[in-house]
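There are 2 protein chains.
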Amino acid sequence: MTVTVFEHDHLLSERAKARSFSHFSQGPTDGAPEGFKPHPKPLALHWGMPNPGFFPIDSIDVNLVDYPFQKSLSLPTTNASVESLIPQGKSTGRSVTIAKKEDDADIIDISRGLQYSEVEGLPQLRQFARDFIKRTHAPAYSDWDVIITTGAGDGLNKSADLILDPEDVILIEEFTFSPFLSNVKANGGIAVPLKLNLDAESGPLGLDIDYLQNLLENWSELKPGLKKPKAIYTIPTGQNPTGVTQPVELRRKVYDLAVKHDFIILEDDPYGYLALPKYSKPEGLLRLGQFLEIDEYLESHLTPSYLTLDTTGRVVRIETFSKLFAPGLRLGFIVAQKRAIDVIGKYAALVTRSPSGTSQLIVQNVIQKKFGGVDGWIEWILKMRVTYAHRRDVLLSQFYESDAYKKGYLDVIDPSAGMFASVIIKFPEGTTDADAKTKLLNWKFVAFGVGVVPGANMAVDKDFSAERSNFYRITFAPANDDEELTEAGQRFVGAVEEFFEKGLKF
Amino acid sequence: MTVTVFEHDHLLSERAKARSFSHFSQGPTDGAPEGFKPHPKPLALHWGMPNPGFFPIDSIDVNLVDYPFQKSLSLPTTNASVESLIPQGKSTGRSVTIAKKEDDADIIDISRGLQYSEVEGLPQLRQFARDFIKRTHAPAYSDWDVIITTGAGDGLNKSADLILDPEDVILIEEFTFSPFLSNVKANGGIAVPLKLNLDAESGPLGLDIDYLQNLLENWSELKPGLKKPKAIYTIPTGQNPTGVTQPVELRRKVYDLAVKHDFIILEDDPYGYLALPKYSKPEGLLRLGQFLEIDEYLESHLTPSYLTLDTTGRVVRIETFSKLFAPGLRLGFIVAQKRAIDVIGKYAALVTRSPSGTSQLIVQNVIQKKFGGVDGWIEWILKMRVTYAHRRDVLLSQFYESDAYKKGYLDVIDPSAGMFASVIIKFPEGTTDADAKTKLLNWKFVAFGVGVVPGANMAVDKDFSAERSNFYRITFAPANDDEELTEAGQRFVGAVEEFFEKGLKF
Numbered sequence: 001m002t003v004t005v006f007e008h009d010h011l012l013s014e015r016a017k018a019r020s021f022s023h024f025s026q027g028p029t030d031g032a033p034e035g036f037k038p039h040p041k042p043l044a045l046h047w048g049m050p051n052p053g054f055f056p057i058d059s060i061d062v063n064l065v066d067y068p069f070q071k072s073l074s075l076p077t078t079n080a081s082v083e084s085l086i087p088q089g090k091s092t093g094r095s096v097t098i099a100k101k102e103d104d105a106d107i108i109d110i111s112r113g114l115q116y117s118e119v120e121g122l123p124q125l126r127q128f129a130r131d132f133i134k135r136t137h138a139p140a141y142s143d144w145d146v147i148i149t150t151g152a153g154d155g156l157n158k159s160a161d162l163i164l165d166p167e168d169v170i171l172i173e174e175f176t177f178s179p180f181l182s183n184v185k186a187n188g189g190i191a192v193p194l195k196l197n198l199d200a201e202s203g204p205l206g207l208d209i210d211y212l213q214n215l216l217e218n219w220s221e222l223k224p225g226l227k228k229p230k231a232i233y234t235i236p237t238g239q240n241p242t243g244v245t246q247p248v249e250l251r252r253k254v255y256d257l258a259v260k261h262d263f264i265i266l267e268d269d270p271y272g273y274l275a276l277p278k279y280s281k282p283e284g285l286l287r288l289g290q291f292l293e294i295d296e297y298l299e300s301h302l303t304p305s306y307l308t309l310d311t312t313g314r315v316v317r318i319e320t321f322s323k324l325f326a327p328g329l330r331l332g333f334i335v336a337q338k339r340a341i342d343v344i345g346k347y348a349a350l351v352t353r354s355p356s357g358t359s360q361l362i363v364q365n366v367i368q369k370k371f372g373g374v375d376g377w378i379e380w381i382l383k384m385r386v387t388y389a390h391r392r393d394v395l396l397s398q399f400y401e402s403d404a405y406k407k408g409y410l411d412v413i414d415p416s417a418g419m420f421a422s423v424i425i426k427f428p429e430g431t432t433d434a435d436a437k438t439k440l441l442n443w444k445f446v447a448f449g450v451g452v453v454p455g456a457n458m459a460v461d462k463d464f465s466a467e468r469s470n471f472y473r474i475t476f477a478p479a480n481d482d483e484e485l486t487e488a489g490q491r492f493v494g495a496v497e498e499f500f501e502k503g504l505k506f
Numbered sequence: 001m002t003v004t005v006f007e008h009d010h011l012l013s014e015r016a017k018a019r020s021f022s023h024f025s026q027g028p029t030d031g032a033p034e035g036f037k038p039h040p041k042p043l044a045l046h047w048g049m050p051n052p053g054f055f056p057i058d059s060i061d062v063n064l065v066d067y068p069f070q071k072s073l074s075l076p077t078t079n080a081s082v083e084s085l086i087p088q089g090k091s092t093g094r095s096v097t098i099a100k101k102e103d104d105a106d107i108i109d110i111s112r113g114l115q116y117s118e119v120e121g122l123p124q125l126r127q128f129a130r131d132f133i134k135r136t137h138a139p140a141y142s143d144w145d146v147i148i149t150t151g152a153g154d155g156l157n158k159s160a161d162l163i164l165d166p167e168d169v170i171l172i173e174e175f176t177f178s179p180f181l182s183n184v185k186a187n188g189g190i191a192v193p194l195k196l197n198l199d200a201e202s203g204p205l206g207l208d209i210d211y212l213q214n215l216l217e218n219w220s221e222l223k224p225g226l227k228k229p230k231a232i233y234t235i236p237t238g239q240n241p242t243g244v245t246q247p248v249e250l251r252r253k254v255y256d257l258a259v260k261h262d263f264i265i266l267e268d269d270p271y272g273y274l275a276l277p278k279y280s281k282p283e284g285l286l287r288l289g290q291f292l293e294i295d296e297y298l299e300s301h302l303t304p305s306y307l308t309l310d311t312t313g314r315v316v317r318i319e320t321f322s323k324l325f326a327p328g329l330r331l332g333f334i335v336a337q338k339r340a341i342d343v344i345g346k347y348a349a350l351v352t353r354s355p356s357g358t359s360q361l362i363v364q365n366v367i368q369k370k371f372g373g374v375d376g377w378i379e380w381i382l383k384m385r386v387t388y389a390h391r392r393d394v395l396l397s398q399f400y401e402s403d404a405y406k407k408g409y410l411d412v413i414d415p416s417a418g419m420f421a422s423v424i425i426k427f428p429e430g431t432t433d434a435d436a437k438t439k440l441l442n443w444k445f446v447a448f449g450v451g452v453v454p455g456a457n458m459a460v461d462k463d464f465s466a467e468r469s470n471f472y473r474i475t476f477a478p479a480n481d482d483e484e485l486t487e488a489g490q491r492f493v494g495a496v497e498e499f500f501e502k503g504l505k506f
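Quick mapping for you: the protein sequence lines, in order, are chains A and B.
Residues 1 to 506 (UniProt numbering) make up the first sequence, in order.
Residues 1 to 506 (UniProt numbering) make up the second sequence, in order.
Some chain A residues judged to face chain B by a derived CB distance under 7 Å, without partners named: (1) Gly27; (2) Pro28; (3) Pro42; (4) Leu43; (5) Leu45; (6) Asn51; (7) Val62; (8) Asn63; (9) Leu329; (10) Arg330; (11) Arg353; (12) Ser356; (13) Val446; (14) Gly451; (15) Val452.
Okay, the calculated bits of chain A under chain B, using three or more residues with CB under 8 Å as the criterion: (16) 32-40; (17) 150-160; (18) 478-486.
Quick caveat, the hints were computed from the structure, so don't treat them as lab data.
Small disclaimer: the values here were computed from a predicted structure and weren't measured.
Cβ coordinates follow ideal geometry from the N, Cα and C atoms, glycine included.
Construct all of the structure, not just a fragment, from the sequences and the given hints.
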């Protein structure tokens with residue numbers, strides 16, 4: 001259960017490993033003269049830090065809700081009032097005060113949170129992140145650590161920098177969170193797409209493990225001139241854009257391949273905690289009371305991270321507070337072996353500097369004071385989960401019950417986690433110009449007034465994925481209410497139906 | 001007064017210019033079919049943004065002070081109570097509430113500030129930054145803009161990326177904010193130090209304009225093999241570490257050289273707004289009422305930025321909210337010609353993403369609701385300025401009135417802005433091993449219990465600056481109170497005196 005030596009230095013970029021950092025304010029370190037004794041209570045004339053007495057802010061009160069959409073008129077709820085659904089004995093306080101000075105070691109006070117702080121993140125929030133990972137996805141080895149980032153985008157950028165030198169290869173699901181490709185490119189890396197199966201009739205959905213295995217075992221023939229991959233970048237839970245989740249057995253196979261072929265697994269998991277039950281036809285109103293017990297959720301619903309399989313310290317997991325707390329925080333964290341975290345820390349020290357202290361103090365204090373720590377935070381996630389499941393059901397019901405579906409014009413991938421679903425457009429057999437047809441259909445959606453993401457927009461390599469680009473990513477995250485979701489779904493299926501009925505013409 | 005074409009593209013890095021960005025969620029842009037009409041009220045199934053109803057935060061109250069250190073017991077004030085010093089008719093409200101939804105266009109509400117937002121910064125805060133610069137340092141041309149950064153460190157990183165390709169040269173004051181050297185190095189740039197004069201007896205303090213002019217005019221002989229410089233990096237006001245401010249006449253000469261030799265001026269100005277009066281012996285207690293009128297401050301105290309001389313759009317100015325509001329915000333901005341801002345925006349889009357919305361909403365709402373906009377913010381700065389001036393006086397008085405000063409062991413550069421002063425160690429004539437002596441003296445300071453920054457720690461090139469490294473940067477920013485500043489100053493001079501009396505031995 002311990003990795004004492006990080007044995008993957010050859011998989012880290014030369015650029016990242018070469019960085020070193022020492023601050024100009026550091027005192028002398030060598031050549032202490034005889035008789036030298038440090039002063040027991042030194043005073044600082046060196047750090048250019050304004051005293052917290054200069055801050056215009058004395059304290060901050062954060063006023064909170066107990067449930068998502070609690071204060072919104074637009075949330076349909078059961079007849080029972082929200083108040084009555086708050087479990088007995090739980091915090092009912094709605095407001096959290098953050099004072100200039102606080103004594104509780106778990107709390108980030110104003111004088112600390114608004115000051116210059118550690119590039120790795122404030123110690124209190126780092127500790128929360130460690131505790132949270134221990135509870136949810138405990139790594140299978142001991143010498144791991146976390147570093148706070150300024151959100152998943154920053155986490156991805158730092159991870160790409162950690163691994164990729166020019167000409168280095170990284171495997172990526174063929175449809176992916178495409179901004180990561182910019183991070184790969186910025187470091188001179190080469191992205192090689194991995195086939196996904198999006199047709200339920202031809203095998204398990206998602207990552208095609210046979211394709212991956214064959215690619216790795218015949219690399220030099222299949223990818224002549226390319227170095228063997230240093231890493232795989234995967235969004236294993238509620239994959240973006242497809243919504244598919246890799247089962248544990250599949251993860252084990254991928255992990256074994258990573259060990260055998262010696263590469264790192266970059267696991268991007270922005271919303272995997274939103275593990276969703278199977279679609280069921282929504283029965284009118286959201287039932288807020290129906291959330292799981294924490295242990296049941298952790299044991300039977302949350303798909304375990306690659307970290308839980310990681311006996312060799314080769315998984316780099318990227319998390320974010322964007323989807324579970326708020327995107328504007330620009331706050332997330334990376335979990336990895338200590339050596340990798342240390343190398344990432346140098347990038348932070350030299351390039352990005354510290355994450356926002358304002359965001360850190362708000363998140364940490366809300367989690368500690370309002371939610372009461374890790375388990376309270378998971379309870380909040382479970383409330384988010386119920387709300388997302390309901391929204392998913394409302395949106396997908398418009399598809400499953402549409403004429404377009406019944407006539408076989410489209411199919412839906414019911415997501416098992418996250419906030420995205422895929423709608424497959426089932427072009428008639430023999431359609432040869434699906435790409436041109438899809439481009440036309442894109443305009444149809446604009447005419448019908450529904451914003452969608454064509455699968456092709458998120459392809460690593462449009463040519464490689466041409467045959468599998470006949471789908472759209474849709475999301476139930478931004479809508480204001482059920483009515484809006486319903487209307488948006490109707491517009492989508494209406495556009496598809498008209499397009500098909502006109503013979504795949506506008 | 002207008003620059004219509006940015007004529008400095010050859011001074012920008014190829015790397016920065018090559019970046020392009022388009023989001024995968026963007027709708028179709030070309031090939032609209034005949035008869036296409038966009039829907040008047042589109043609904044979104046494309047953006048992966050959680051509805052603000054998912055945020056646990058309903059509102060935030062920020063509780064403020066009217067004066068720095070107002071709530072601190074450790075601030076000495078006049079006999080008059082602070083309350084009586086609040087100017088008539090000014091806001092006396094101490095608390096600012098930020099609601100989930102607000103109608104005022106200047107306000108960033110929770111639903112906006114905690115959401116994904118523009119990589120260039122939220123429009124409201126960008127507009128404030130523009131208005132603030134118009135009031136304080138209006139550029140001499142019209143097509144400039146601003147971009148919000150995650151603090152000055154991020155501003156410096158983005159500026160280095162903007163300009164430097166491998167082998168590109170940048171001129172830097174020989175003692176400088178040395179972390180910028182890491183940004184230069186990360187882009188393969190070459191830093192060439194510029195001589196500073198730190199000896200009041202041999203000419204004006206600070207940047208040696210004759211050295212600069214000679215260097216530029218004889219570049220190929222003096223720096224054989226090096227490209228001509230693309231930029232100068234300067235901290236013109238309250239220079240770090242020396243505390244010296246470039247007079248306007250000097251700035252004009254530097255600017256003329258920039259035009260003649262075609263380079264960009266990177267102006268780093270983290271605390272120049274803290275324009276300080278000349279040192280005067282502190283008369284006991286801080287007089288909080290003694291702050292300037294805004295117009296007097298702007299006309300006669302604040303040294304104008306290089307922007308005010310800039311008729312050719314070649315100044316890039318880096319600001320931060322760290323020193324005037326709080327460092328933990330990780331918030332600042334860059335002012336430059338629109339094309340340069342646009343290029344920097346691509347870096348933000350692809351690498352750093354958006355600044356913290358939490359920080360932006362707090363700063364913007366405090367400035368608008370509490371301070372009432374630009375002029376109210378300047379009034380806050382004037383209160384900061386008085387407090388810093390007092391602290392400077394308290395600290396420097398310990399030097400000017402010391403035996404070490406009277407015996408000629410040290411001299412002080414009284415800073416005309418900012419939070420740093422320099423103490424020159426006046427080694428006896430004929431001291432040949434000043435470097436070794438300084439290293440020994442460093443240990444003396446640790447033994448006496450006072451943290452200082454040796455000038456050498458902030459040198460671009462230790463060898464180039466060896467003769468001028470006999471100084472220490474001290475700051476009056478972090479101390480808790482006058483007593484602490486006094487004690488720290490006494491420890492400093494005590495260490496120097498003992499060191500000299502022992503014959504420059506420990």
